[in-house]
Amino acid sequence: MWWMLKFLLVVSHLFLRILIHKRLIGFFFEFYCLMGEVLAEIRCCEKANFWTECQIHPCSDEMALWHVLIDQSLDGIVILDEEGRVYESNRKFAEMLGYSITQMQTLSVWDWDAVFSKDQLVDMAQAVDDSGAHLETRHRRKDGSTIDVEISSNGTIYRGKKLIFCICRDISDRKKLERELIESEQRYRRLSIVDELTCLYNSRHFYHQLDVEMNRSQRFEQPLSLILLDIDDFKQFNDAYGHVQGDRVLAQLGQVLTDCARREDMAFRYGGEEFVVLLPGTELDGAKILAEKIRVSFTEQSFCVSGNHCLSMTVSLGVAQYRRREEIKTFIHRTDQAMYLAKGLGKDQVCLAD
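If you count the sequence shown from 1, position 112 lands on 112 in the numbering used here, and the numbers rise without skipping.
Hint data in this document are derived by calculation from the structure and do not stem from the laboratory. Where is the CB? At the ideal position from N, CA and C, for every residue including glycine. The reader is advised that the hints may include incorrect statements.
Ranges between beta-carbon positions, derived for each pair [claimed, not checked]:
no., residue 1, residue 2, range
1, F116, G271, 48 to 58 angstroms
2, S172, V194, 24 to 34 angstroms
3, G98, R174, 17 to 27 angstroms
4, L284, R219, 16 to 26 angstroms
5, T299, L197, 12 to 22 angstroms
Lysine-lysine pairs mimicking DSS-like chemistry, simulated, CA-CA at most 30 angstroms apart [unchecked claim]:
no., residue 1, residue 2
6, K142, K162
7, K118, K161
8, K347, K288
9, K176, K118
10, K235, K162
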C-alpha cells in the first residue's frame with residue numbers, strides 16, 4: 001500500500017511544479033488539502049484491515065499527510081497569513097534561513113526580508129490574490145548573512161481564512177553569475193573605448209562622442225570647441241631614447257590632459273602622439289585658455305632618460321569652435337590645420353582656427 005503512497009508523493013510534487021508555472025497555486029493548495037484527507041482516510045482503512053470494503057470517512061489527523069507532501073518539496077515553501085505571519089513552512093525553507101521548523105512558527109516575513117519594510121510587506125501580502133505574483137528579493141538568514149531569493153506566490157482562501165502560499169528558491173549562485181557577467185561586460189566595454197597606455201578614450205570613441213556633441217550643439221544652439229595637440233619632435237625623441245621612454249612621455253601627457261580637463265570635457269588619444277580634447281559648452285576663447293594651460297603644464301614635466309640627464313618636452317596645439325551644420329571632417333580638418341600652423345610658427349604654442 002505504501003508504494004502507492006510514495007508514488008502519489010512524487011506525482012504530487014511534479015503537479016506542484018506545473019501548477020506553479022501555470023499560476024494555479026490556489027487550486028493546488030486545495031488539491032493538496034483534499035489529497036491529504038483522502039490519503040489519511042486510506043491509512044485509516046488500511047490500519048483497520050478492510051481496504052477492499054472501506055468507505056472514506058473523517059480521520060483524526062487529516063492534514064498530516066498534507067504536511068508530508070509540503071515537506072518533501074525541493075523548493076522552500078512558506079505559507080503566510082494576510083498579516084505576514086508564518087502559518088506553515090517546510091524544512092527546506094527553514095534550512096534556507098538557518099532556523100528550525102519550530103523557530104519558523106514564531107516569525108513573520110519582515111523578520112527575514114532584507115529589502116522591503118514591514119508596512120510594504122503587509123501591503124504586499126494583503127494584495128496577493130489567486131492571480132499570483134512573482135518577485136526577486138533578498139532574505140536575511142539567522143546568522144545575519146543574506147541570500148538572493150526568487151518567490152512565486154498566490155493567495156487563496158482556506159477554511160475562511162486568507163493564506164499566501166509562497167514558493168521560494170535560493171538564486172544566490174545565479175545572481176552572482178549575473179553580477180560577474182555585468183562586470184565582465186563593463187570591463188570589456190571600457191577596454192573597447194579606452195587607450196591602455198594613456199588611460200584616455202581612444203579614437204573610435206572620439207568619433208562617436210564628437211557626433212553626439214555636434215548634434216547636441218546644433219539642437220540646443222550651444223557652443224562646442226575642439227583642441228588637437230601633437231608632441232613636438234616626438235619621433236626624434238623615440239629614436240634617441242627608445243620606445244619605453246617614449247611611452248612614458250605619452251602616458252604623462254595623458255595624465256596632464258586628465259588633470260587639466262574640466263568635468264564636462266573629454267580627452268582622447270587620437271593616434272600616435274596626437275591627442276584631442278572635446279569641450280562641450282565652450283567657446284573659442286575659453287578653449288584657448290584651456291589649451292594654454294595644457295601647454296604650460298606639459299612643458300613643466302621632466303623626463304629623466306638616463307642617470308641624471310633629464311629633459312622637457314613641448315606640444316603644439318590647434319583650437320577650433322564648431323560651426324553650425326559643419327561636417328565632422330571639416331571641423332577636425334580646421335582644428336588640425338591650426339595645430340600645424342602652430343608647428344610651422346616654431347612649435348610649443350597655441351593657434352586658433354579661422
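Each hint, compared with the structure:
{"no.": "1", "hint": "F116 x G271: 48 to 58 angstroms", "in the structure": "holds, 52 angstroms"}
{"no.": "2", "hint": "S172 x V194: 24 to 34 angstroms", "in the structure": "holds, 32 angstroms"}
{"no.": "3", "hint": "G98 x R174: 17 to 27 angstroms", "in the structure": "holds, 20 angstroms"}
{"no.": "4", "hint": "L284 x R219: 16 to 26 angstroms", "in the structure": "holds, 20 angstroms"}
{"no.": "5", "hint": "T299 x L197: 12 to 22 angstroms", "in the structure": "holds, 21 angstroms"}
{"no.": "6", "hint": "K142 x K162", "in the structure": "holds, 27 angstroms"}
{"no.": "7", "hint": "K118 x K161", "in the structure": "holds, 21 angstroms"}
{"no.": "8", "hint": "K347 x K288", "in the structure": "holds, 16 angstroms"}
{"no.": "9", "hint": "K176 x K118", "in the structure": "holds, 27 angstroms"}
{"no.": "10", "hint": "K235 x K162", "in the structure": "violated, 81 angstroms"}
Consistency note: the structure conflicts with earlier hint 10 alone.
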